[in-house]
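**Q** Put chain V on the given structure of chain W with help from the hints.
So you can see what is in the structure, the chains are spelled out below.
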Amino acid sequence: MTTMTDPPQESFRLSMLLNDTRYRSYTFQFIALIVLIASAAFLMSNLFSNLAAAGLNISYQFLGTPAGYDINQTLIDYSSQSTNARAALVGILNTLLVAFLACVTATIFGVIAGVLRLSNNWLVSKLMSFYVEIFRNIPVLIWIIIIFTIMIAVLPGPRAFRGDDPAASMVFDAFAFTNRGVYIPAPVWGAGSLVVVATFLLSIVGVIAYRRYATKLLYATGRLLPMGWPSLAILFVPTLLVYFIMGMPIGLDYPVLKGFNFSGGIKVGGPLIALWFALSIYTGAFIAENVRAGIQAISKGQSEAAGALGLRQGRIMNLVVLPQALRVIIPPLISQYLNITKNSSLAIAVGYADVTATLGGITLNQTGRAIECVLLLMLFYLTISLCISAVMNVYNNSVKLKER
Amino acid sequence: MSDTHAHSAAFVRTEQVPPAPPPASATGPVKWAKDNLFSTPLYSVLTVAALYVIYVILGNTLPWIFSGVWNTSSLAECREVLDGVSGGCFSVLTERWNQLLFGFKYPVDQYWRPSLAFVLFFAAAAPVLFYKMPRKLLLFTAIFPFLAYWLIWGGTILTPILALVGVVAGYFVYQRFVAGSFAAGFFGGIAAAFVVWIIGGLLIPDNANEGAMLRAVPSRDLGGFMLNMMLGVACVSLSVPLGIALALGRQSDMPLIKWICVVFIEFIRGVPLITLLFVASVMLAYFFPPGTTTDLFLRVVIMITMFSAAYIAEVIRGGLAALPRGQYEAADSLGLDYPQAMRLIILPQALKISIPGIVNVAVGLFKDTTLVSVISMFDLVGMIRGPILASTEWNGVYWELLGFAALLFFVVCYGISQYSQWLERQLATDHR
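These protein sequence lines are chains W and V, in that order. The opening position of the first sequence corresponds to residue 1 in this note's numbering, with each subsequent residue numbered one higher. The opening position of the second sequence corresponds to residue 1 in this note's numbering, with each subsequent residue numbered one higher.
Same shape as in the complex, but just chain W (with noise of 0.2 Å):
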């Protein structure tokens, strides 16, 4: 009978590091890792000699100090003595703000070019494939300029408005398209406008619960509740009346002409009107082609099987084509709102002052800070992105295909 031994114990040598893949793999990450450190201590070393010599040191003080410049479209109060991290919140708004005016508008020119671009009309399509391919080989800043002088080189100025027989005029009296930004009207709260804003807001909740009881309804017995005016009865009829019962709370502050210039309503800057409508066409472009692409991965063998249950055309797209090229678009349309946001620090070339240009720019060449400026710009842009790739994989993991 024989008995079972232990492999003999074979001993360690050092050639053993190098060639036995056990042992390898910890070779080369330690190498990596002296490299790694001995590379960041000579690039601190140079960095820490570098400032020396020059007299400067890291310090985040001159965020306390007054910035000294004006901006010119704000969503908060600000004034040059507010602070420089004051600008720089004054910046980050500003770039949240285009940020997402223009994936709205950006979602909507993608998905409506994506949807005729497959369309049976040969020339409607071929006039979107034109679009698609003439935004998405041209630079976005070329794209930005361009925009940027059309708007200077077409709209009016504040003057057409002025005399008895002005060469421009207000549309509806309330929205002014100069070529210094449009002006809107602004909405004034009066006391009991809180009421109405949430009725309004319950009337949402409203519409939410009433389909929903819609849809039980027809799942339990099959008959089938009207959906579209009572959802829009429900949302506005409740509103309305009680706006007109608490006496016209909301007014609008129209934009009147005074001077040279206007005053009263809302200004919409011009670079933010340009960045944004730059911003949202050439994205609108590469949305289109994942709609499109999106669209076409459906087979159309699903269609089919629901026309042959019956379905309409409408139930069809909304029931059964929708929900499966969704899952395709989404993805790609999360990572080209990303590129929206890091697109739009292309502000600087217009002159709107988003947080490249605070930041980065003014605040940057005012303090010569520009270690600590640019490495803060870097964290917000980070942090955004990190937070949109974070909703993305939330997104992904809920959609994913239930595979066994």
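Keep in mind that the hints were calculated from the coordinates and are not lab data. Note that the structure is a prediction, hence the values are computed from the model and not measured. All residues carry an ideal CB built from backbone N, CA and C; glycine is no exception. Check each hint, because a few of them may be wrong.
From the structure, some residues in chain V lie toward chain W, with a derived Cβ separation under 10 Å [claimed, not checked]:
#, residue
1, P22
2, L75
3, P290
4, W399
**A** Coordinates of chain V only, in the frame set by chain W:
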């Protein structure tokens, strides 16, 4: 039997009727228009709207282009010639042609050098782009970077020759040792190249640039579309190898290497290129050894290469992930080690899958080279916004200049994307 039938029936056709042409309503342009343009009322409305849009666009631009002026020396003179007629002052393009292409500082009598480098670039790129070309031409591709450097920057020919000798020495060392172990060959080759460069660098005299065959041109004198092309070509070709390394590192089993690559890629992808360019222009100089000066062009190339390498790494990672698991296992079962498996089996397939993605990144990168105008380098956009629009002669000529820039970029980028589609068809081996 057929005879009796023929006699009994009243009439039987004995010859074939010639096929009649389809009715006019079911053929030709009318039918096509009916099917493709006016099939439903909604489509008819869309067609009319599209026609109107095309009419408005063409109706405004065509007269403007055709009545354009090509040979005046200033905007005022051009407006005089036009005399109120709508037309483009394209003479800004003819008059500032060299500035648009080469920037405003490059020595005028040396324009032939970048032009020659541009022409040779096609010869160098051809064997890479078209794999049916003779393989011997790749030798020229290998020499081209050094030749182009010498042509564009000028100065002593010793510098590019030294660089070339270093690369050749590294290559021979690699060939000598790679049969034993890939790592030995790879690192040995790099070490050999550095030894040659350091020794050669000590041998080249300091005043070598004086009396050189080609006058030395400093990097800050580069500009115009040439700068865009140089940045695009240099950064794309440098970032592909770096991207492959990053992608392999991210797939690696070694946690430390994996995390270095993940942090690098995610960091670069999370920030806009413009902040990286700020790093290049105001921050990177602090990280070089004290006393050395690195010119802005090199710093920008470093940052853009890192930027596009991160994106290319993600594309290649997709390609690696798309390969079936069996390919990796097959390589293992053949007894190949990691470098062999990667070089011979995995990467050729993964790179083929990644080609469209890599080309997308390359097109995006080429478009992004315009951003260097923000850190006051005078590339094509920088030239237009800076010296040309600010000059007294051409202050106010927007459309012609911006249209020209847009056209140049469109031609190049559209060409690249068409090439990529052609290559995809050529490489399609799955017989579908």
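**Q** Next, verify each hint and record whether it holds.
**A** Cross-check of the supplied hints:
Interface restraint check for V:P22: the shortest CB-CB distance to chain W comes to about 20 Å, outside 10 Å, so the restraint is violated. Among the interface hints, the one on V:L75 is violated; its C-beta lies about 14 Å from the nearest C-beta in chain W, farther than the 10 Å criterion. Hint status for V:P290 relative to chain W: holds, with the closest Cβ pair at about 5 Å, below 10 Å. Annotation: interface hint on V:W399 holds; nearest CB of chain W at approximately 8 Å, less than 10 Å.
Figure legend: structure checked against the earlier numbered hints; hints not met, in rising order: 1 and 2.
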